[in-house]
Structure formats: structure tokens, C-alpha cells
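**Student:** With mature numbering (1 follows the signal peptide of the UniProt record, and there is no 0) applied, the sequence shown covers -23 to -1, 1 to 347.
None of these hints come from the bench; they were simulated from the model. Do not take every clue at face value.
What the hints assert, rightly or not - Straight-line alpha carbon distances no greater than 25 angstroms define the calculated PhoX-like cross-link-like pairs of lysine-lysine that follow:
| id | residue 1 | residue 2 |
| --- | --- | --- |
| 1 | Lys305 | Lys277 |
| 2 | Lys180 | Lys310 |
| 3 | Lys283 | Lys305 |
| 4 | Lys103 | Lys22 |
| 5 | Lys310 | Lys283 |
| 6 | Lys196 | Lys180 |
| 7 | Lys180 | Lys108 |
| 8 | Lys277 | Lys310 |
Stated by the list, open to error - Now the in silico label distances, taken between C-beta atoms and shown as ranges:
| id | residue 1 | residue 2 | range |
| --- | --- | --- | --- |
| 9 | Val172 | Gly323 | 40 to 46 angstroms |
| 10 | Lys108 | Pro249 | 39 to 45 angstroms |
| 11 | Asn267 | Lys108 | 43 to 49 angstroms |
| 12 | Arg195 | Lys108 | 32 to 38 angstroms |
| 13 | Pro182 | Ser34 | 37 to 43 angstroms |
| 14 | Thr156 | His245 | 45 to 51 angstroms |
| 15 | Gln102 | Ser33 | 26 to 32 angstroms |
| 16 | Gly294 | Thr256 | 30 to 36 angstroms |
| 17 | Asp148 | Glu301 | 30 to 36 angstroms |
Note that the Cβ used here is the ideal one computed from N, Cα and C, for glycine as well.
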Amino acid sequence: MAPHWLLALVSLLLLLQTPSISSLDARGSDATCVAHERAALLSFKASLSDPAKLLSSWHGEHCCTWGGVGCSNRTGHVLKLNLSSCSQEFGVRVGGEISPSLTTLHHLRYLDLSCSNFSGVQIPQKIGSLKSLQHLDLSRASFVGRVPPQLGNLSNLIFLSVSDNPLYSDDLAWLSHLTSLQYLDMSSVNLSTVVDWVHAINKLPSLKVLRLEDSDLRKSPATLSHYNLTALRVLDISGNSFQAGFSPSWVWHITTLTYLDLSQCDFHGSIPDEMGSMTSLEEVHIAEANLAGIIPPNLKNLCNLKIVDLHDSNTTGDIGELMERLPKCSWDKMYVLDFSDNNISGSLPNWTCATVDRSTSKTGYATSSF
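Please construct the entire structure, taking both the sequences and the accompanying hints into account.
**Tutor:** Below you can see the structure in the form of C-alpha cells.
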């Protein structure tokens, strides 16, 4: 699984690259509230349950000063609505229904309903009419049913997360319309019947972060006719039980990756020589796999590696040879090296002990497991 600190940092950087979002203030705007948008917000509030009184400031004429609401200083239109309940106990989170009035906020660019309690509620199809949206976070909000393909109408989206909801999707063709998308998280969404997910993702040239872990993916093409994922930095498709083994050569062509997680994917075969071209890699997780043999010998240029996790991956061979195949240029950065629960024999070379001592003195800690 991707570390939360890394993904949070990446998503923050993506948002800061979008001036229209990063300049919004959720409170304190001097702009005059637009009357029909104030009415829409009050109607939305009336449809919600709010046991912790998180919306207690939603009264009066000046809706731009209400908690979680951000307006344009120039026009007064509501641009941002942040009702994330992630810091609240589950029993006091905002929930209830979603009033259709929400979808009348046509200038809305930022909508965050994450960690809410919309148990049994489907994501409204009409959210697809909010065509100014750049940031949409519906993660961990207990939404159910199908991910509405109408989300494909949100052509300005940069950030989309519907993760960790009991949702499903049977077709991801709608993603191809989101050509500005940089962050996509559909983790734990049931994608078991989706066949062409890789081709759909491959049509997102701006994508930097892709998280599809535990999504019940079943099939993946071995290759692609062309590679359009030239901006991708983070790829996490761990925890998917691919049928007939999983040996995706298309992954090794994404040389921009800094983070790769293929753990628990029923990965079969050898790590290919092409991995030696992925010189930006900092973290590699191919744990609980069915690898054949030892890692390839041509990884000497992967000088940015910090974490290598191949535990319980059926890796075999001599530990001395394995260590020699790891890039020595990365030893001053490496702080996690996990080859536990594998069929590895032999003794560690003497030089590795000195390397671990140097790594510990620089990072404060170093972890190795064999």
C-alpha cells in the first residue's frame, strides 16, 4: 500500500499547482454572497444530518463566511465546499441525503465530502453537471452503487477520489474525457468486470498518481500499442487477484515512476531487465508474489531507491549475489530492504554491514529483513 504521507504530499503539490484552487479561502471572504447560491447551500444543509453541529455557522446573509465555504473575492460565487469529516468520530460525521440543490452551484471548483456518512446513498449523477469542478473527493463517505459515468463530463477535473466506498464500476470509458486529471484514486471500488481499464487509464496524459489497490481487478493486457502515461509518478495496483498470472510488461515502460506497488497481485515470472530503465524509482513493492529466480543484474542505474520490499515473493538464490545486483549508488539512501520469507541462502557480504552503519548514521534508522 502507498504510504499516506507520500500520497498526501503528492496530492497537496498537485493542488498547489492549480492557482484557482490554492488561492481559495474557506472563510473570511469579503465578497457579497450570491442569493440563489445561499439558498442552495441552505437547502443542501437541510438534507443533511449534522450531529456534531459542524454547520452551525451556516446562517445569516453572508454565506461566504460560513465554515467550509469559499467564494470568489471578485464575483461572490461559491467556488469551494469542504465538508470533510475525516477528523470526526464516525458517529458524529455529516451524513444524510444530498439535496439536488448542490448541483446548482455551477461555479463550484472544489468539493470535498470525504469521510462523511452517506450510508446507502448513491453518488448523484447530476454531480456530472458541475463542469467547473477541479477537485472532487468522495472517499470514505459510505456511498453505494455504481460510480456514475456522468463524472466523465467533469473535463476540468485534476483530482478525483471515490476510494474506500462500497461502489462498483463496470466500464471506465468515461475516464478518457478527463484529460486534465492528475490524481485518481478508486481503491476498494469493485472493478471486477472491467476489462479495458489499462486502455482507459492510458488515455490520461496528465495523470501523476494512480491508486487502484484492492479493486478486484481480474485482467490486464501484457502490452500496450503506445504508452501515454508519460507523467505518472505513483502506481499502486496492489491487492488485486489477476487471473492466469500477472506479468504486465506495460508497467516497465513507465520510466517516470517514483513509487510502484504490485504486491499481492499474483505476479508471475521474473522481474524483467526493463526495470533497469526506471531510474526515477524510489520505492518498489512486489511482495507476496510468485517471482522466478533472482532480481535482474542490470539495476545499477536505479540510484534513487530508498525502499525495496520483496518479502514472501518466491525470490531464490544466494544472498551475496542478490546484494551485488542491487544498485550500490543507492546505498546511502536505502533504509528499508525486505527479502523476508524467501528461499535465500548464503551469508551477507562484509561490505553490507559497513553500508548499513553509514545508512543508520544518516537516516537515524535502517531496516533490513532476510
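**Student:** Does each hint hold? Answer for all of them.
**Tutor:** Evaluation of the provided hints:
1. Lys305 / Lys277: 7 angstroms, holds
2. Lys180 / Lys310: 34 angstroms, violated
3. Lys283 / Lys305: 12 angstroms, holds
4. Lys103 / Lys22: 18 angstroms, holds
5. Lys310 / Lys283: Roughly 5 angstroms between the alpha carbons, so the hint for Lys310 and Lys283 holds.
6. Lys196 / Lys180: 18 angstroms, holds
7. Lys180 / Lys108: 20 angstroms, holds
8. Lys277 / Lys310: Measuring from Cα to Cα gives roughly 14 angstroms; hence the hint holds.
9. Val172 / Gly323: 40 to 46 angstroms: 44 angstroms, holds
10. Lys108 / Pro249: 39 to 45 angstroms: 42 angstroms, holds
11. Asn267 / Lys108: 43 to 49 angstroms: Holds: the Cβ-Cβ distance is about 45 angstroms, inside 43 to 49 angstroms.
12. Arg195 / Lys108: 32 to 38 angstroms: 33 angstroms, holds
13. Pro182 / Ser34: 37 to 43 angstroms: For Ser34 against Pro182, whose Cβ atoms are near 41 angstroms apart, the range 37 to 43 angstroms holds.
14. Thr156 / His245: 45 to 51 angstroms: 34 angstroms, violated
15. Gln102 / Ser33: 26 to 32 angstroms: 31 angstroms, holds
16. Gly294 / Thr256: 30 to 36 angstroms: 24 angstroms, violated
17. Asp148 / Glu301: 30 to 36 angstroms: 47 angstroms, violated
Hint compliance for this structure: hints 2, 14, 16 and 17 are not met, and every other hint is.
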